[in-house]
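Protein chains: 2
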Amino acid sequence: MKSALQTSVAATALLAAGFAAMGTAYGAESFQDVMKRRGLNEKDLLAAVKTYTPTGGRDEFLAFSSGGQSGQVIVYGIPSMRILKYIGVFTPEPWQGYGYDDESKAVLAQGRIRGKDITWGDTHHPGLSETNAESDGKFLFINDKNNPRIAVIDLHDFETKQIVVNPIMQSEHGGTFVTPNTEYVIETAQYPAPLGGGYVPLEQMNEKFRGAITYWKFDREKGRIDPSKSFSIELPPYTQDLSDAGKFVSDGWSFTNSLCSERYVGGIEKGRPPFEAGCSANDHDYMHVINWKKAEELYKAGKTVMVNDHPVIPMKTAIEEGILVLIPEPKSPHGIDVSPDGKYIIVGGKLDSQAHVYSFDKIQAAVTAKKFAGKDSYGIPILDVKDAIHKQVPLGLGPLHTQYDSKNCIAYTSLYVDSQVAKYDYCEGKVLDKISVHYNIGHLMTMEGDTAKPKGKYLVALNKLAIDRFNPVGPLHPQNHQLIDISGDKMELLYDLPIPLGEPHYVAAIAADKVKPAIRYKFGTNSRTDKPSEFAVRPGGEKIVRNGTKVEVFGTAIRSHFTPEIVEAEEGDEVTFHITNMERAEDEVHGFAVSGQDFNLSLEPGKTASASFKVDRPGVYPFYCTEFCSALHLEMEGYLMVKPKGAQQVAGKAEEGAKYVKADFDKQYKSCLDTQAVIDQVVAYITSTNFKDFPSVVALVEDATDQLNFAKDARAKADDAAKKEDWQQATLWAGQWWQYQVKAADIGLRAKTYLEQNGAKTVK
Amino acid sequence: MKSALQTSVAATALLAAGFAAMGTAYGAESFQDVMKRRGLNEKDLLAAVKTYTPTGGRDEFLAFSSGGQSGQVIVYGIPSMRILKYIGVFTPEPWQGYGYDDESKAVLAQGRIRGKDITWGDTHHPGLSETNAESDGKFLFINDKNNPRIAVIDLHDFETKQIVVNPIMQSEHGGTFVTPNTEYVIETAQYPAPLGGGYVPLEQMNEKFRGAITYWKFDREKGRIDPSKSFSIELPPYTQDLSDAGKFVSDGWSFTNSLCSERYVGGIEKGRPPFEAGCSANDHDYMHVINWKKAEELYKAGKTVMVNDHPVIPMKTAIEEGILVLIPEPKSPHGIDVSPDGKYIIVGGKLDSQAHVYSFDKIQAAVTAKKFAGKDSYGIPILDVKDAIHKQVPLGLGPLHTQYDSKNCIAYTSLYVDSQVAKYDYCEGKVLDKISVHYNIGHLMTMEGDTAKPKGKYLVALNKLAIDRFNPVGPLHPQNHQLIDISGDKMELLYDLPIPLGEPHYVAAIAADKVKPAIRYKFGTNSRTDKPSEFAVRPGGEKIVRNGTKVEVFGTAIRSHFTPEIVEAEEGDEVTFHITNMERAEDEVHGFAVSGQDFNLSLEPGKTASASFKVDRPGVYPFYCTEFCSALHLEMEGYLMVKPKGAQQVAGKAEEGAKYVKADFDKQYKSCLDTQAVIDQVVAYITSTNFKDFPSVVALVEDATDQLNFAKDARAKADDAAKKEDWQQATLWAGQWWQYQVKAADIGLRAKTYLEQNGAKTVK
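Heads up: the protein sequence lines correspond to chains A and B, in order. If you count the first sequence from 1, position 280 lands on 280 in the numbering used here, and the numbers rise without skipping. If you count the second sequence from 1, position 600 lands on 600 in the numbering used here, and the numbers rise without skipping.
Everything labelled a hint here was simulated from the structure, so no lab data went into it. Each hint should be verified, as a subset may be incorrect.
Note: identical chains are not told apart, hence a pair may lie in one copy or across any two.
[Said to hold, decoys possible] Mimicking DSBU-like on lysine-lysine, the simulated pairs with C-alpha atoms at most 35 Å apart in a straight line are: (1) Lys761 / Lys490; (2) Lys331 / Lys453; (3) Lys453 / Lys717; (4) Lys391 / Lys522; (5) Lys614 / Lys116.
Here chain A stands alone, though its shape is the one from the complex (with noise of 0.2 Å):
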């Protein structure tokens, strides 16, 4: 029999041979020669093709990953591992018009602190919505840890729709989980402080510093958290962390880690140990096991304190009520994370070198059986660990974030210290294999992994340094998500994507068929509140109003001009310009951006969005559209004349510098007819197909019928203009005319081309 290393060889031997003479069918290079040059091996090969997406390929997985402190979420395909869209969240984003159109301001608006704009934020923990605790593609919640907020992001069209700020914490981590229908969105205070704000001096930390969970009631109807639906519970001034939701035996009640329970206060400026010190000093922290059901109904009956006008459950009224428990977990956790059954819940401990696997029956036996080792010194009741663990698996150093399988009992556990990935056997307590990365991963993630049924396939490894994995790009680096395959026993290293901005904490991943975002928007959408705009006008009802020192432009883009293209203001005047894109073409978007103002509008098909600002300077201003849109982008333009106060009428017309005569005009007809011409055979050779079963080709003949319509229009204008003999208006509507026309044939070469790529056939 022959050895591994045989078999490689004689593959290898074979590939040469068979791509040798591939060589010339297919490029210059020969296959091995590619493989020389690049330094391939055949593992690398098999990677390749298992990763290797060609043009018009799809991603069997979308990926949703926290964007860290780029206050964005990031949007990957697995396994292309290409990033498709950041989203902005947090932080401003001019290309998606995110904080610079007034209709996503009231977005960031939302998010402001006490009144203060935070133009950022320092995502962590993205949540997918999930029904019957399964992932189902509808809608993106994602948490800021410096200023505690959670914003909502629907994946109808992947932009952000709210952001709520927490009424009661200073700080977070320990967001975004939902619950297994998401009624609740969960999110934990991190760093202790008092409640709802305010100073209290260290001194009294322990008596006066808490730390609390919120559940955010979400509204799946409207797709926003209702605020006036949420509550929150007091916690001990340990530092929370992460949490999860139990689900099936374990639904109602949710889980929460914590560290430094020791409630260390720091120091090193006065020669005391620092954090680091003082928080580690313990061998456990704790686990807050709570049944959110049971506070549910307190809430509702009451049993609740105001703070910032927000219902709390006190402390004592949880302890009381038998809602809250502590079970000790091992030193430093992050992870805590229920199994897909609901029965197991896995926590790990960087300082540590177990998962501990925790049974939710022998928790809740014991809570039942009011089974306590003691009592915290704030009074709530501690499980003893042998009344709730299930088995404690050693897998190396650092243990941090658990994710599932879709195999019965395996679950995967990131080793930070040691920069590996466990595979293991939680149900029996046996690793079963073990892979490194590179290099000190955080968080890892499966195919929806910590749900109640997760995809298997992948595993992602985000990694906290990449140092030397690509070429140098400055002394700050991008991060590494190093993409595994998990379906054979033994894990296999696949890809290295880098992330180019941003610090991911944490990645959800779903199967791609279940995400079903829309390729335009109904005509005049406001899509920040998904409603139609006000402000929105359809071709012809164009119009500037003015209202004292109040100027407010309606207008419309459309390839290849806006109406109007001549907007005159005085200094001083508050201008808006509300632009809605009558376009229905898939990806046709426009921009719209005016110099010297602060501002960009992003106008997917259908959308209105709207710009507001002051005129504080007199000038010429151009404005244009700032996504190429087609060949006459660059001439997508017009001014905003801003005139001095009291300045006179001028006398004269605007007169261009061109002049022409009837020459010009049946030159220009000409060219007209003769294109016609052509687009009247692209015309015939798709109609002559079977374009109907190729949706992206329908709404590209939708949409180039659209502008032969337009093109119609202007021939109209031309023909009225000769027929008065203004050569000058007629070769000027002649050219708009044409223009019409290499618009509609750009669009019918575009359909004509993917149908003879695609195999279309003939009908007739």
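Using the hints provided, position chain B relative to the given structure of chain A.
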């Protein structure tokens, strides 16, 4: 002889046989299974091996892409097509601390327009610095179309160092283009407006609106543009567009195209045809040919007028001195690109179908002979196109931009309307190949393809529409950069890269080995001035300075604590934190943020950064490290305590919740000694190898030595306290000793793994 198809079939069979055997060696699935499951053909396979880059692999080229309306620059590797970094330029970006620390706010403040913050930019054309007309990898320039500005990025650390505002333009597009030794960075106006600003009615457009070109002087030694040595030339009110500088024979000249030489003034709202019609009525626009060396002499001789304190050579002077002529060029052009030898200039018109290849020799001959065909309305001499043209090459619809190959006389031009790239011999005027792209290509880019020494190999098509190429992510689509192999006779599509943020306009690529970024800063550097920060302190020198209502913190950061940890201030105080990262290790970045405040510091090793803010409300505000740095990262925290005005000192002292006795100390101490034994083993292993041959391991060893020295210090403190039987302090300091050990062990293990995986040898 076999046909290509037969060869392909044979290859597949061989391949399947080869990889089927490999199945057991490398994964559960056979190679054949994977290809079948993923629907890949042999062509895909070849593309995969030409692009797939295994962990630790390096890209051959670095591409610097404009980020469009994101206001950033995007850096990606070729051929892996992985995005390595987004660099904040005109838009604040919190991950990098750009616009979120005092130092970088000073850079953004340089970009204010008439005193107003403009928090985004519409970046268009990145330009790499050149020496002898070749890319030298030192600096990158990028422009802002909407608010005419140029930014300077130093490739030493990939940070934005400077923003200059154009003092006379209201709009631009044509930047940045460098002269052969980066003497000047060229910027040209786009939409005409009165030079220097101010209101002029549209009725006077022809007389008083103007275009312009600015030559920004670059001071290579300082790495900054010197506005005091920069000048402009007044141009007619055509819509100037892109430029390029001559080289070799054409050195000293620059070329700028234009559109809307019709000088149309729009007004669709008044029933006039829109700009797009009026700006595309003529068959041609004008190329501006400028003798910039002679212009420089005129500027130095004072033949300028001052506009906003900026010297401008009047159009009249330019005409009289013979430094400006026009040549007709195809309608609505975009790219204008000088050949590697400086002999030809190729222009494509988006509403045309030919590449126009102009000969510099011919142009120079006609200019010298003063053989003009006429003058424009402003008296600028116009060359007859016949006297300037070398070839007109029929390419297809919508020629937009041209790049050059390493092979003599070979160029590539993008065809916007046809969605194709054409390869042709511009010396002979012969089309060689065409490839379809997806969809509507704007610019294209070859490796160093606009320099004197193009590198060939790859071409990137910057497509304006992606439509159906990727998994859908809402109405706003990513852009699509398609990598094309140009090494053979036929162009071959290799890879589709979605651009997840911003709409890039142009990209410049350079051989990766020319770019040599630093991995750390000199201790205490202000990275935005590249000078030592006056606010840096060495370890032990940390201090808090109070001066009236100003509180200034001079602090440090190191795994895993800040010094100081507790900072007190009073309501209404102005607080400044200056933090220096004491780390030396590659990629060991810390961050710093305070709850309730709108800033984030990104502290790369050696950097000093500052944040100033007012504390307007009493409270307890946690601060923490925002970049995951170590196992105790979450414990890298502190508090900013803001007292109400006149608050009294509270009795008692800040006390941790946990109390420690001798047994706790003994246990911790023993744990430290045990850990030391492990560390000693790792050290013994490393020092037994040829680790000095591995630079990254040498850096790790240096770093671990730092941590062990800190450990020694903490141990001494523990020993001291134990002598005094202060078991609280003794236990905590022993804990801190252990923390440093954990960090040393973490680094040591990483070094050990690296050595094992990279074939280190035992040396004794």
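Results of checking the hints against the structure:
no. : hint            : verdict
1   : Lys761 / Lys490 : between (46 Å within a copy, 28 Å between copies)
2   : Lys331 / Lys453 : within (30 Å within a copy, 59 Å between copies)
3   : Lys453 / Lys717 : neither (62 Å within a copy, 52 Å between copies)
4   : Lys391 / Lys522 : neither (54 Å within a copy, 49 Å between copies)
5   : Lys614 / Lys116 : both (21 Å within a copy, 12 Å between copies)
Violation of the numbered hints given earlier is confined to hints 3 and 4; the remaining hints are satisfied by the structure.
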